[in-house]
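**Q** These protein sequence lines map, in sequence, to chains A and B. Per this note's numbering, residue 1 is the first one in the first sequence, and the count goes up by one each step. Per this note's numbering, residue 1 is the first one in the second sequence, and the count goes up by one each step.
Hints listed in this document are in silico derivations from the structure and should not be mistaken for laboratory results. One or more of the hints may lead you astray.
Listed below are several chain B residues computed to face chain A (Cβ distance under 10 Å; list not exhaustive) [stated by the list, open to error]: (1) Asp-4; (2) Phe-90; (3) Arg-105; (4) Phe-171; (5) Phe-185; (6) Ile-254; (7) Trp-256; (8) Arg-259; (9) Ala-277.
Glycine included, every Cβ here is placed at the ideal spot set by N, Cα and C.
Residue strings, one per chain:
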Amino acid sequence: MKALFNESVLSLRTPEGMEFTLPLAGPVSRLIALWVDLLGVGLITSLINRLIDFIAVFSADIAGALQVLVFFAVSLLYGILCEWLWQGQTVGKRVLGIRVMDRDGLPMTAAQIVVRNLLRPVDMLPIFYLVGGATALFSRYGQRIGDMAANTVVVRSVEVAVPDIRQLFAGKFNSLLEHPHLAARLRQRVAPAVAGIALDALLRRETLDPEARVRVFAELAAKLRPLVEFPAEAVEGLSDEHFVRNAIEIVYRGGK
Amino acid sequence: MILDLPRFLSNARPVWDELEKYLDELENSPDLQWDLAQTERFYRLYQHASAHLAEVRHLTAERELGRYLENLVARAYARIYVRAGSKRRFAFWHWFTVQFPGAVRAHSRALALSIGITLLGCLFGAAAVQFDKTAKTAIMPFGHGQQTPSERVKKEMDDRGKHLSGKQARFSGQLITNNTRVSFFALGLGMTFGLGTLIVLFYNGVILGSIVLDYVVDGQTMFLLGWLLPHGSIEIPAILLAGQAGLVLGHAMIGWGNREPRRLRLRRVMPDLMTLAGGIALMMIWAGIIESFMSQYHEPVLPYSVKIAFGTLELLALIVFLVRSGRDEGAV
Numbered sequence: 001m002k003a004l005f006n007e008s009v010l011s012l013r014t015p016e017g018m019e020f021t022l023p024l025a026g027p028v029s030r031l032i033a034l035w036v037d038l039l040g041v042g043l044i045t046s047l048i049n050r051l052i053d054f055i056a057v058f059s060a061d062i063a064g065a066l067q068v069l070v071f072f073a074v075s076l077l078y079g080i081l082c083e084w085l086w087q088g089q090t091v092g093k094r095v096l097g098i099r100v101m102d103r104d105g106l107p108m109t110a111a112q113i114v115v116r117n118l119l120r121p122v123d124m125l126p127i128f129y130l131v132g133g134a135t136a137l138f139s140r141y142g143q144r145i146g147d148m149a150a151n152t153v154v155v156r157s158v159e160v161a162v163p164d165i166r167q168l169f170a171g172k173f174n175s176l177l178e179h180p181h182l183a184a185r186l187r188q189r190v191a192p193a194v195a196g197i198a199l200d201a202l203l204r205r206e207t208l209d210p211e212a213r214v215r216v217f218a219e220l221a222a223k224l225r226p227l228v229e230f231p232a233e234a235v236e237g238l239s240d241e242h243f244v245r246n247a248i249e250i251v252y253r254g255g256k
Numbered sequence: 001m002i003l004d005l006p007r008f009l010s011n012a013r014p015v016w017d018e019l020e021k022y023l024d025e026l027e028n029s030p031d032l033q034w035d036l037a038q039t040e041r042f043y044r045l046y047q048h049a050s051a052h053l054a055e056v057r058h059l060t061a062e063r064e065l066g067r068y069l070e071n072l073v074a075r076a077y078a079r080i081y082v083r084a085g086s087k088r089r090f091a092f093w094h095w096f097t098v099q100f101p102g103a104v105r106a107h108s109r110a111l112a113l114s115i116g117i118t119l120l121g122c123l124f125g126a127a128a129v130q131f132d133k134t135a136k137t138a139i140m141p142f143g144h145g146q147q148t149p150s151e152r153v154k155k156e157m158d159d160r161g162k163h164l165s166g167k168q169a170r171f172s173g174q175l176i177t178n179n180t181r182v183s184f185f186a187l188g189l190g191m192t193f194g195l196g197t198l199i200v201l202f203y204n205g206v207i208l209g210s211i212v213l214d215y216v217v218d219g220q221t222m223f224l225l226g227w228l229l230p231h232g233s234i235e236i237p238a239i240l241l242a243g244q245a246g247l248v249l250g251h252a253m254i255g256w257g258n259r260e261p262r263r264l265r266l267r268r269v270m271p272d273l274m275t276l277a278g279g280i281a282l283m284m285i286w287a288g289i290i291e292s293f294m295s296q297y298h299e300p301v302l303p304y305s306v307k308i309a310f311g312t313l314e315l316l317a318l319i320v321f322l323v324r325s326g327r328d329e330g331a332v
């Protein structure tokens, strides 16, 4: 679910003039992370309370005091310590693949971690994080009150691997390469945007439903086929997907 | 123009792999120290990856590769431009004796306003109880309004502290957590441009003023001082400091006399807010222990003179500490 009025990405510009974006975490993933963390706080507290029960044998009063203090300390320090040790992540955020970071794309300082966690009670007003939730939903970068004070944002930690282009074209016969002059013309005429979309589709083809896969490659082939008319024997028996693969190999690998 | 992607990848891939290796190393051990050559190499790799990102972005619409490079550049950028002080080791004694009192002094005007609003609340509370007898039950917490101070004093003297017997530690824990929570709440309400903090301070003043006047008029000044001073000489200043922190936050939100963007103003006050919050928590721990183990015991168990002397000494020590401590080490 995308937030109501905020951006889906945080755009940043480095001092070297390079621009890049960080995907912002949505309210649903943040809410689920919060539930996981609440569960974690409950679990840690009950485990420590089990140990405190042994103290109750000697002094029920001290055990009672420790239980009160432990719950308060764990609920206050859990977020601070986790975000400090795991660079902006708690258990819930790790599970959901999200992370808190400075609004400028940098790791948080200790002061930022402490301030955003100290302001949690204000975000929790009046019940169930209504103030924080509403603020996050309407603020530009999905920030709750604590995030605004601390200048922090919650982003999605994306693990992206380099696309394996070579594997895509490796060991496959390309009938279009039999006509180098036409291949050169195709390379010259294809629009970069179309080529990019086609390459993207080829890289992700295994994730598509069979019907969607047929439809997507039919549309792409319809864009590419009219650019250059290859002889019938070169395209005979080629499915749309196969044609697109061959055409894109020419575009990205040249005539090699 | 379309990039020869396989050739581009085979040229660029070693750079990215090496940069990833550096980043993994750095992210897994944040205290890692590199020599100059390694640092230069890391920065050079970051520049190469940035250039590759620019190339990929402008020459093709290849989103997958663009995302990978954005991620790589973002990770390297975060390590190169990390803020000063992010990795500083925490030295408790220096923080407590230099940074904490220094932060209090650095925002003395906010502290003065916090004290002023609380005093205004005190006057209002005292006036309310003086001129409207029904106000007492509405204002005073914990059943204070249900009995006269003399009745309470008699009850406490007869009880000799037995009502807390075997429960002091638990009571102390409850006081610490409750007071700390209220203080942090007052601090956090600074985000309402300081308005919420002002209301909390005024309300606390109203309660304090009404109780003080009620006991003084009833001739129970000694009991009041003996009851409030031991813990109140730390607890009340802690609430005032929480108010100070909230007002500092509120001022950063409003930005009077400061044309910097709000996020820069907030960034500037953040270390002081953290320091003040830590100091407030320590003061509340001390006050909670004293309230439970000393303040709740009255004559004949503990003479008022001892309690008053103890509370006065605490207050003087606190004032001297906040005014003097750390000045020689360069704190404000």
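**Q** The hint names Arg-259 (chain B) as touching chain A; please verify it with the least Cβ-Cβ distance against 10 Å.
**A** This interface hint is violated because 18 Å lies over the 10 Å limit.
**Q** Using 10 Å as the Cβ threshold, decide whether Ile-254 (chain B) counts as touching chain A.
**A** violated, 13 Å
**Q** Asp-4 (chain B) was flagged as interface toward chain A. Is the shortest Cβ-Cβ separation under 10 Å?
**A** OK, holds: Asp-4 (chain B) within 10 Å of chain A, min 6 Å.
**Q** Answer holds if the nearest beta-carbon of chain A is closer than 10 Å to that of Ala-277 (chain B); otherwise answer violated.
**A** At 6 Å from the nearest chain A Cβ, Ala-277 (chain B) passes the 10 Å test, so the hint holds.
**Q** Is the hint on Phe-171 (chain B) kept, meaning its closest Cβ partner in chain A is under 10 Å away?
**A** It holds, given that the least Cβ distance between Phe-171 (chain B) and chain A is near 8 Å, below 10 Å.
**Q** Would you check whether Phe-90 (chain B) satisfies its interface hint, that is, whether its CB is within less than 10 Å of any CB in chain A?
**A** At 8 Å from the nearest chain A Cβ, Phe-90 (chain B) passes the 10 Å test, so the hint holds.
**Q** Identify whether the interface hint at Arg-105 (chain B) stands, where standing means a beta carbon of chain A within less than 10 Å of its own.
**A** violated, 18 Å
**Q** Does Phe-185 (chain B) pass the interface hint, meaning its C-beta sits closer than 10 Å to a C-beta of chain A?
**A** Hint holds; Phe-185 (chain B) Cβ to chain A Cβ min 5 Å, cut 10 Å.
**Q** Per the CB criterion, is Trp-256 (chain B) less than 10 Å away from chain A?
**A** violated, 18 Å
Of the numbered hints given earlier, the model fails hints 3, 6, 7, 8; all others are met.
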